[in-house]
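J.: Quick note: the sequence shown uses the working numbering, first residue 1, plus one each step.
No lab work stands behind these hints, which were simulated from the structure alone. Fair warning: there could be bad hints in the mix.
Pair ranges (Cβ atoms, derived) [said to hold, decoys possible]: (1) Glu55 - Val155: 16 to 24 angstroms; (2) Leu5 - Ser222: 42 to 50 angstroms; (3) Arg30 - Ala231: 21 to 29 angstroms; (4) Glu55 - Val228: 29 to 37 angstroms; (5) Leu48 - Arg24: 15 to 23 angstroms; (6) Ile203 - Ile145: 48 to 56 angstroms; (7) Ser184 - Glu55: 15 to 23 angstroms; (8) Ile145 - Leu18: 37 to 45 angstroms; (9) Ile145 - Met223: 12 to 20 angstroms; (10) Ala78 - Ala231: 30 to 38 angstroms; (11) Thr226 - Tyr74: 14 to 22 angstroms; (12) Gln52 - Arg28: 23 to 31 angstroms; (13) Ser184 - Pro148: 43 to 51 angstroms.
Backbone N, C-alpha and C fix where the C-beta goes; we use that ideal spot for every residue, glycine too.
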Amino acid sequence: MSLTLYLIAGLFLPLFPLSMLFNRVFGRLRQPWLRVLLLLVWPQIGVLLLTQVSEPVPGWLAGWALLSAAFYAYRAIALREVGLWLGFIATSAWALLWLGEVDPGRHHLLALGFSLPLVFTALLTGYLEQRLGAAHTALGGGMAIAAPRFAGLFVVAVLAAVATPLFPNFFSLMATLLSPASLSPLFALGLVLIWLLWTWSGIRLLQGIVVGSPGRSLQDLSMTVTWVYSAGFVALILIGVNLGGVLL
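All chains, please: the whole structure from these sequences, using the hints.
T.: Right, dumping it as structure tokens:
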């Protein structure tokens, strides 16, 4: 029975190749708020299923999860479509929820910490798709010149998505790193490598979207919207710091 639950949970805390279901569903969504809903709810279902199994996660399953997370972190480096990139980062992060001792309350907080920072990238990606028809580096970069307010917020959103310190997913990652299952040198090295791959892929994405000469014109965000997003980022950091106090 536990094996069946593990396999079903592997759809929501994505293990390769079961992870293809989430990425297919996420890739087909075009409404930003549907993406946000999926990012927040999908891993919570997986945590709910995982906590139904009383025994600890087997070592082979934790290894599978770590390899799945590393695989999607590596694949994200080559992606130039922001929506696909975001789906791969989410898949990589959620796979790490298999590591450590399974505790219902703690795991739901870990999942929320991994998901919340992705919301801002999903919303800004939707804005780019509505204005340009797609959010892809092939459309040309230069957003820092064409739409500086959007570019500034997009940079912060991507930095949040790749677990920059003080954002919630950074503390979720640190809590995972300090868990008993991750104290072995191999697991700890794997987690640090995954974090580096997230950062690498995020920087490459920013180079393609923000840096350079403008490929197309884009109506910039209004000052009101910019202040709303800025307040949201401040709130996200405060949530991250409080989450760190609970998890660490």
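J.: Of the hints given before, which are not true for this structure?
T.: Numbers 1, 4, 6, 11, in rising order.
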